[in-house]
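> Top to bottom, those sequences are chains W and G. So the first sequence is numbered by our numbering: it starts at 1 and just counts up by one. So the second sequence is numbered by our numbering: it starts at 1001 and just counts up by one.
These aren't lab readings, by the way, just hints derived from the structure by calculation.
List time: in silico EDC-like cross-link candidates among lysine to aspartate or glutamate, alpha-carbon distance up to 16 Å:
(1) Lys-151(W) to Asp-1012(G)
(2) Lys-1064(G) to Asp-16(W)
(3) Lys-129(W) to Asp-1015(G)
Partial list, computed: chain G residues near chain W (C-beta under 8 Å):
(4) Gln-1007
(5) Val-1010
(6) Ser-1011
(7) Lys-1039
(8) Arg-1042
(9) Ile-1046
(10) Arg-1047
(11) Leu-1049
(12) Ala-1051
(13) Gln-1053
(14) Ser-1056
(15) Leu-1058
(16) Ile-1062
(17) Arg-1063
(18) Pro-1066
(19) Leu-1067
Heads up, incomplete: computed chain W residues facing chain G, CB under 8 Å, no partners named:
(20) Gly-23
(21) Phe-27
(22) Leu-124
(23) Asp-128
(24) Glu-160
Note that the structure is a prediction, hence the values are computed from the model and not measured. Where is the CB? At the ideal position from N, CA and C, for every residue including glycine.
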Amino acid sequence: MTTQDQGQDKRFNTIDRVVQLYGDLLFDLCESILWSSSSAQSAFQVVLKEIRQQSLRQAAFEHYERAWVLRIACEKLRILVQKQGRRLSPSEQIMLDATLDNKTRLEHFDSYFHRLPTEDQFLLLFRDKYGLPYSEIASAMALPEGSLKTKRQQAFRALEEWLWPEQAPEQTGEQPTPLVDP
Amino acid sequence: MNCFQWQTRVSDILDGTLIGSQLREAEEHLESCFHCNQKSRRYLQIRSLIANQPRSVLPIPIRKSPLYYIIPRIDHKTSRARWEKTPWYIRTSVEGMGITFIILFIIAMAPRIRNLYQKSIDQQLDLFATSDLRLDSSPEQENAAKIPLVRGKSSPPGSNAPENNAEDFQSEHDSETPEGKVGASEIWRFNLKTDSPHEVRTKIIQILTELHTPPQTPGLGGFEAPGGIQFDLILPQSSVLKLRVDLKRLTRPTPSASSEEAQNEPFTWYKNKSKKQLPPGKARVVIWLSQI
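Using the sequences provided together with the hints, build the complete structure.
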């Protein structure tokens, strides 16, 4: 068996293993980020092709394989979101900002979630949907863990402000809170 | 722990990684601060919403051949491709017959469409004439409305046309308008082509003065426009006939004029119905002096 044949075998083994172990995770990530099933299928193939390309170049993934796969997926999805990610139309944006009641807002949680920056969406999905440890997320997103925690806190705050918008004091009948305690 | 400290540890609190005294302080703060307590409940709700999002499973066809699975697309070209597969002799004969049929159809339909168009224009003109008749209620005006539209030209130079005078005009006019009257709400247009519009302008002003046109009549002096001089005035109908004769005299061709110049018709006139209501016995006169 030649060196080239060995390389081809390794590439195909890697692809098979990635599909078997992380296929569902990758596909769900693609669909969650791109917000479209048909786009997710093509994005999944794009990610796999990139994994196949990089499988021979890098051997370090064997210790942190999932982080390596997710990092490639993040890189590719960032580009694909710009090209073919579903975006909210102006009328949808207006509808989301309109005076909806809290229950309706929670029903449209997906729309509010996709208003977040792509990086924040990655972070919330990795941490709160897939339950990945911060160390892996930091490796996949190429960010320090402290920054991830801050970003997560900011993303939660943004979602909270969208889902439960503060009513003006004159509407609620409450007195505005003083900045300094008397 | 104050609100700011609690906010900075939100991520750890949500993950449940806060331990010991810090956890106790955070819990105490939540008990004392309604605002942070509310936020904490909302954050937990958001986290559960994210965690409970439905998870997609990789479709089996993609799982079987992840790299080479062809994603089905809507094919818009199926019908066209089927047509292209038919033998060339059938395709060319059908297409040729189709093109011939379209050309013959256009040739057959063009005159009919033209006739329809002309009919529609005639109908519009009839409507216009009837509406004009309704406006003119008096018998005299009705008679005047029945007068057909008149168009005249100066006789070509070199021909043995008689000298233009009032009698000639009267006879010509009688032949065109049997009633011999000029209708109300009329507009007369005289087009004169001349080498020197400014000279002719003074002559026209002189003619108008001789016709006892009041000097304060608006538009008596004419105004310069691109390409010539225009007079636009309202005159008594009785003076229009005289004016026409005088204008015709003005543009009488010189004996030295060549045959080409003679064909340019230096004097033409038109009479039309005017949409504007004019005072009774008055007519609008537009004289256009164009530079040759």
